[in-house]
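**Q** Sequence:
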Amino acid sequence: MRRPQLTDADVGKHVVTDDGTVLGRVSAVNNGVPYVEFDPGVIRKVTTALSWQRIDDEDGLPLKTGTVERITDDQVRLEATSRP
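Counted from 1, the sequence shown has number 55 at position 55 by this note's numbering; the numbering is strictly sequential.
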C-alpha cells in the first residue's frame, strides 16, 4: 500500500496519534517530509522524559518516513505503531 504524501496544502493540519492525541501541527513540508511544531504540553513531556533542555527548530521536527497512515481535511493521522 502506498503511503500518503504530504504537500504544502497540509501545513496547519493537526498531527494526531492513532489514539487521537494531538501532538501539534504540520509547520512545513520540505521535499515531502512533514515537520511538526509540537504543542507546548507535548514538548514539556518529551523534554522531561528524555532529560533534554529544550527543542529549538523554527520549522519544527521532521516526522519519520512512512509514519503517516492517512491525511484528512484537518488531520495527519499517524500509524498505530508510529511515534515522531
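Don't read these hints as lab results, they were simulated from the structure.
Take these hints with a grain of salt, some might be off.
[To be verified] Here are the computed distance ranges between Cβ atoms for each label pair:
#1 4 / 44: 26 to 34 Å
#2 9 / 44: 26 to 34 Å
#3 74 / 3: 14 to 22 Å
#4 11 / 64: 12 to 20 Å
#5 44 / 14: 16 to 24 Å
#6 44 / 7: 15 to 23 Å
#7 41 / 75: 17 to 25 Å
#8 41 / 18: 13 to 21 Å
#9 44 / 5: 15 to 23 Å
#10 44 / 3: 27 to 35 Å
#11 5 / 61: 15 to 23 Å
#12 7 / 64: 16 to 24 Å
#13 40 / 62: 16 to 24 Å
All residues carry an ideal CB built from backbone N, CA and C; glycine is no exception.
**Q** If a hint holds in the structure, say so; if it doesn't, say that too.
**A** Status of the hints after comparison with the structure:
As the Cβ distance of residue 4 to residue 44 is approximately 29 Å, the hint placing it in 26 to 34 Å holds. A hinted range of 26 to 34 Å for the beta carbons of residue 9 and residue 44 is consistent with their spacing of about 30 Å. A hinted range of 14 to 22 Å holds for the C-beta pair residue 74 and residue 3, which are about 19 Å apart. The hinted range of 12 to 20 Å is satisfied by residue 11 and residue 64, whose Cβ atoms lie roughly 18 Å apart.
Under the hint 16 to 24 Å, the C-beta atoms of residue 44 and residue 14, about 18 Å apart, fit the expected range. About 30 Å separates the C-beta atoms of residue 44 and residue 7, a value inconsistent with the hinted range of 15 to 23 Å. Roughly 18 Å separates the CB atoms of residue 41 and residue 75, a value that falls within the hinted 17 to 25 Å. The hint said 13 to 21 Å for the Cβ distance between residue 41 and residue 18, and at roughly 19 Å that hint holds.
Between residue 44 and residue 5 the beta carbon distance is about 31 Å. The supplied range of 15 to 23 Å is therefore violated. A hinted range of 27 to 35 Å holds for the C-beta pair residue 44 and residue 3, which are about 30 Å apart. A beta carbon spacing of about 19 Å between residue 5 and residue 61 agrees with the range 15 to 23 Å that was offered as a hint. Checked against the hint of 16 to 24 Å, the pair residue 7 and residue 64 passes, with Cβ atoms roughly 18 Å apart.
Restraint check, residue 40 to residue 62: a C-beta distance of roughly 19 Å satisfies the suggested window 16 to 24 Å.
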